[in-house]
Every structure is written in structure tokens, then in C-alpha cells.
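Construct the entire structure; sequences and hints are all you get.
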Amino acid sequence: MKKTAILALFLALVMLLGTVGCVAPAETNENTNQTETATSTEPASEGTVTESKDNYPAASELNPYKVGVMWYSYSDQLGSSIKKNLEYLGKDFNVEFTFVEAYLPEDSVAATENLIQNGVDGIMSLVIYPDMIQQCETAGVYLGQFCNETTDVDMLKMIADSKYFVGMVNENDEACGEAMVDDLYARGCRNIVWLSIPAGAASNHDSRVRGIETAVAKYPDLTVLANYRGDKMGEALQSFAVTYPDMDGIIATGGSNGGTEEFYQIMTSEGLTDRGVIFATIDIGQGTGERLASGDLGWIGGGQFPTSSIVFSLLYNAITGNKILDNPEKALYRNFMTLQSEDDYNNYVKFVEGAIPPYTSGEIKALIKAFNPDASIELYNLYNSTYSIEDVVARHADTIG
Amino acid sequence: METLANNHDEISYMVLLKKHKKKKMFSSIIPFMGLIFIICFFALVTKGNTISISNLSNLVNQSFTLIIVAVAAVFVYSHGGIDMSVGAVQGFVSVIIAMVALQGVLPGWAILPVGILVGMFCGFCTGSIHVLIGVPAFVVSLCVNYICTGIVASACANSDIYLPYAQYASWNNLLLKGGVVLAIIGIGFFVFEYTKVGKYLKAIGGNMNTANQSGVIVKKYVVLAYTILGGTVGLIAFFALARTGAITAQTGSGLMLDVLTAIVLGGFPLAGGAKSRIRSAIIGALTVTVLSNGLTIWGIDPNYINGIQGILFLIIVSVSYERKKNEIFN
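If you read the sequences in order, they're chains A and B.
So that you can map any letter, position 262 of the first sequence is 828 in the working numbering, and since no number is skipped, the others follow by simple counting.
So that you can map any letter, position 76 of the second sequence is 88 in the working numbering, and since no number is skipped, the others follow by simple counting.
I should point out that these hints are in silico values taken from the structure, not numbers from a laboratory.
One thing to keep in mind: the hints can contain errors.
Pair ranges (Cβ atoms, derived) [stated by the list, open to error]:
1. A:944 x B:320: 45 to 51 Å
2. B:266 x A:810: 35 to 41 Å
3. B:49 x A:627: 39 to 45 Å
4. B:69 x A:626: 34 to 40 Å
5. A:798 x B:155: 17 to 23 Å
6. A:798 x B:315: 22 to 28 Å
7. A:798 x B:140: 27 to 33 Å
8. A:956 x B:315: 29 to 35 Å
9. B:162 x A:808: 22 to 28 Å
Residues of chain B clear of chain A, computed beta-carbon distances all greater than 12 Å [claimed, not checked]:
10. 40
11. 143
12. 191
13. 199
14. 225
15. 289
For each residue, glycine too, the CB sits at the ideal point set by N, CA and C.
This is the structure in C-alpha cells:
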């Protein structure tokens, strides 16, 4: 019995060491999926970004850098897309990314300490807290925020005073909330409900709700039958389906981690699709193509993960001695990618979720002043304002085919 | 009269006693060996980065909250109790502290006792409702958890709450925090191991009826245990706020699970009783912190971190966990 116990302990240790050994950080990784060559990018006369064929330095010619990435979870769709996107960029920029899951204040501060200890040159994070800025100042590490923005006045002052803060890049969540209401109204919906996660849980959802409320106020003949803010959006929707027979439009401010699929299921099971109820949401999930084709889904926004590429380029510029933003306390806003037809969805799957991301490494290198002297805030604004499914298709149709 | 049977019984007894002592020693050193193992392992794979002076100071900062709360949690777990509300109470106390601080009336050293008192109040409520009404501690603390979470969520509904960072940054001092941790460990150790508070709580955990019939005022010491835990949560809430400078709707949300993990990882008996030791909480808290710190510095993919932590947890607990409550020797 004693020998069995010792053997079991030994086997468990071997299993542990084997697991750890298998997932130890890889030194190099060959990428066999990329067919594009380094390119430069310049604005076309009609305002979309196009490519011309110039050569930017390859990864082997670039100094190695380390960047830490802090995000709430890499196991959901958005988190895993961000990770995959950055790993793709890392290969062509000779940058090693260290990914950490951290969102709460204490966890984020501890993660910042650990990343600095890891020797990173820059950190990009979903959330920023005062001590993080202080630590980065002390350690000489650049810091940027993505898919979110800081709005507290004292925090913004700290950001403005810091020479190591590179900027905030966020999707325009308020505009997105307004767009959902506008779309449902345009489709004839007059009795809508909206659902969101608990207030204060995520600032981008709060911004979308503000957008919804702003847009609703524009339409006197539009009625909000009910709204819900909590963790059980699916159950709330089921209740609304029963309680409000004249409901004709539904807005959900997000559906990551299977939430969108759950809404689709409830639309069918509660007979909402038969009633002609139209749905608008964010976070593109499985079954979106069919729902767009059938008309149940009128508007869906997503494709936020390339925001990480933009902030990465801000960090890379700063690390290589060319900080782009003079006033990083003002966030740069990007469009959501919006899909309103099955063709849009098919293009999304092909051009956004495929092997080549919406911004190739060459297109991101075009934002780096060390490689492209014309890189400027205006080019950043162009990238952000033109981002759409049509834009990605136009840029990559030749490459992806 | 000495007989062969008597001799045989005595020999069996001595063999059993020897076996039990070996097992007891083995079980008690496994968590410590686990801690040493992961320290050495990470030092090796990070080429000494994890044991550098700068990272050791990081570890003091990162283990501060967990060590203090785990030490105080021993008082609750030793009598067989549980407190599901520690994280939510941290958030609630943080909100109260921030409200007081933002008024600008009291200096920092006066705000700290406010936090401790609010925390003690929350713990007192939990303990009192549990003993006076007879609702299980799990249920009461869960209700307190929901109440405090709701208050924090309402306070942060419009935006996160930020403290004037520069004003309280001096409290985020390594020497001060190191001193506080050592003081809490020292006081906790003395009270738990050498005063009747600890002895009575262990007795209650061993057998409540027996403790009651032996003259222990069970209700008084149970309430005291929860009050102690609440007070220390108030203490760490102040220092955590000084460190981060911000409160969100989820502040403190992971603390309960971290404390439970630390307690069990340190080899603490979940049912409480005579084998409860303060050192288990300290070793467990350090293990959790070193593990998290080391995996990040080493650069492990976050998708695997939970799995690795789970396996390690399983190994250490399966070897050190006491399966039988009614063993011959205690």
C-alpha cells in the first residue's frame, strides 16, 4: 500500500512535469500559413487603405522585444482571437508575447509586477490602474490600453503626465449601441427590449447601454417594453418573450462565450422567429450566417480583436523611440465590424477569422515610424475609421482570393 | 498477568504508533516540501529571476493579502466553520474606505481603523446570525456575500471608484507591509496556539458537544472567530486600495477561493479540530502566490495555468489530506 502510494505520487509528478514541459514557452515557431510579403500602405484617393509592394525588415533583421498582454480571459472567443492575432504579429516583428489573465485591480497590479520582472519592454492591457502606471514609470516600460478606455479625471491626468503611456484604442461602443437601435427602427421595430450584463461589470457594455438610451430618445414612437441588466440574459429573454407578445425587436449588448448562440436558440424555442422579432447584438458567434439569411438577425457587430494590433503598433513605436501620440489621454476610436447579410458573414469568416488577420503584419509595419517615415496619427485615424468588412475584403481579396 | 496475547497486543500497538507518527510527520512536511519544490523549480527555469531581490519584494506585496486573511481564516476553519463572504466584504469595506477618504476629512492613519471596524462588524453579523438563529455558516456568509456584492455593484454602477493615488501611495510601502504581515502572523500564532481562544476553537472543531459540555461558551468563540476574520479583511482592504488606487464592481471577487485554496494547500484539516495549525495557512498562501508569480515570469500560456495549478493542488492535497476523522491517535 505504501509502495503504491509512492508510485502514485511519482506518476503524478511525472504527469505534472510532462504537462509543464509541453507548455513551456516556445523559443521559435515556424509559420507556414503566411503567403504575403512585407508591404507598405498608403491611403487611396477614395479613402480606403491599399497596399503597394515595398519591403519592410523581416523578423530576423529586427531587434527582439518582449511585450506583456493582460486580458480578462483567453478562453473565450475574443480573447483567443486576440492571442492568435498577436502571436501572428509576434513572428514577423520578432516580439515575444507573454499573456496573462488579469482584470481585477489587485490581480492587474500583481500581473504588471510579474511582467516587468519577466523583462517586458511594453505592456498592453484591458484595464489600467494607478499603480500600474507608476510601476511602468519606475521600470521604464511602456503601457497601452486596448478595447477599453480610462475615463476617471485623476487617472487621465496621470496618463497625460506619464511619458510611458502610449495611448488608448477602443471601439466606439456608444455609437454601436445607437446603431443597433437605429437599425431596428429602420426595420420597423417599435416595441423593443434590451439586455446587458450588470452595470459596472464592463465599461464597454455600459457605453453601449448609453448609446441605446440616447438613440431611443430620438424616436418618440419607439417603446422600450423592458430592459435587463444581470448575469442571466438568456433567462431574462425567455421571460420577455412570454410577457411581451407585442415585442418586435431585441437588443443584447454582447454575447461572447456562447451568449450569442444562446440567444439564437431562445429566439427559436420561444417562437420569436415565427413572430418576426428582429435581433441586434454584438459578438459574432456560430449560426450568425443562417440568422442573417433568415432575417431574424438584423445587425451584428464584432471583429474587435484587431484593435490589439493597433495598440501593439503604438507600443512598438514607443519602444523603438517614436512615441506617436502627444496626448495619450484621448482615446482613439475604431469602428466595429458590422454584418447585415449572409454575404457579409461569409466574407467575415473568410477574411477576418481566416489564417490572415484583418491587418497583415505588413500593414501594421506601415504604422511603425522606424519602417515608414510617413507613419503618423493621420494614418492611424485612417485605419480606425475605414475598418469594415468591405475594407478588409478590398485589401485582401488578391491575397486570399 | 503477562501472556503471549498481551505481548502481541503491545507489539501491534507500538507498530501502529510508529506507523502513525511517520504518517503524521510525512503529512505535515509535504506542504512545506511542496513550497520548497516550486520555489526551486521556478528559480531553475527562470534562471534565478524568481528569487531575485526585486521579485522577492514583489512576492511580499503579492502575498500580503492572502497570508493575512488566511491566518485569520484559521480561526474560522479550525472550529469547522466557513466564510463565503470574505471577498465581498473586502469590496464593501473598500467602498466605505473610499467614501471616507474622498471626503478628505480623515487622514490615512485614521481611515485604517474605520476599515477594520467595518470589517469586524461584517464578521460579527455573520457569526451572530449563525449562532443565534442557527442558520448554517455557509448560508449566512453566502447571504452576506450577496448583500455586500450588491452594495459594491451599486456603488460602481456608473464608474469605477478611484482614490487619489498619490495621497495614499505611502501606505504601499514594502517595509510597512512586511512589518504588518509579521505582526499579524506573530499575534495570530500566539493567540491561536497559546491562548484559550485557539484551544477552544480547536476543541469546538473537534467535537462541539464535548466542548460545550466541557464549559466552552461555543457561541462566544464562534462569533469571535468571524469577527477576527472580518477585522483582518478590513485591514487588507485598506492596504489593497492603497496599492491599486481603484475599486471595481468585482473587487475582492477571487479572495474567498484563494483563501480556501491556500488553507487546503497548506495541509489544513477542512473539518478543523486539534490538528489545525497557523503554519498551514502561511505555507498555503505562499504556495499559491509563488505559483502564480512563477508561472507568469516563466511565460506559461495562461490556458494551461489553471490546469497546472489544479494538478499541483491535487498532488499536495491527496498526500496531506486527513481522510479519517476517527483515527486512534490524535
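Each hint, compared with the structure:
1. A:944 x B:320: 45 to 51 Å: Given range 45 to 51 Å: holds, Cβ gap about 46 Å.
2. B:266 x A:810: 35 to 41 Å: holds (38 Å)
3. B:49 x A:627: 39 to 45 Å: holds (42 Å)
4. B:69 x A:626: 34 to 40 Å: Holds, at about 37 Å.
5. A:798 x B:155: 17 to 23 Å: Cβ of residue 798 (chain A) to Cβ of residue 155 (chain B): about 19 Å, so the range 17 to 23 Å holds.
6. A:798 x B:315: 22 to 28 Å: The hinted range 22 to 28 Å holds for residue 798 (chain A) and residue 315 (chain B), with Cβ atoms some 27 Å apart.
7. A:798 x B:140: 27 to 33 Å: Roughly 32 Å apart at Cβ, these two residues keep to the hinted range, so it holds.
8. A:956 x B:315: 29 to 35 Å: holds (34 Å)
9. B:162 x A:808: 22 to 28 Å: Cβ of residue 162 (chain B) to Cβ of residue 808 (chain A): about 27 Å, so the range 22 to 28 Å holds.
10. 40: holds (16 Å)
11. 143: Consistent with the label, residue 143 (chain B) stays out of reach of chain A, its closest Cβ about 32 Å off (over 12 Å).
12. 191: holds (20 Å)
13. 199: Check passes; 24 Å lies beyond 12 Å.
14. 225: holds (38 Å)
15. 289: It holds; residue 289 (chain B) is separated from chain A by about 22 Å at its closest Cβ, greater than 12 Å.
Checked against the numbered hints given earlier, this structure breaks none of them.
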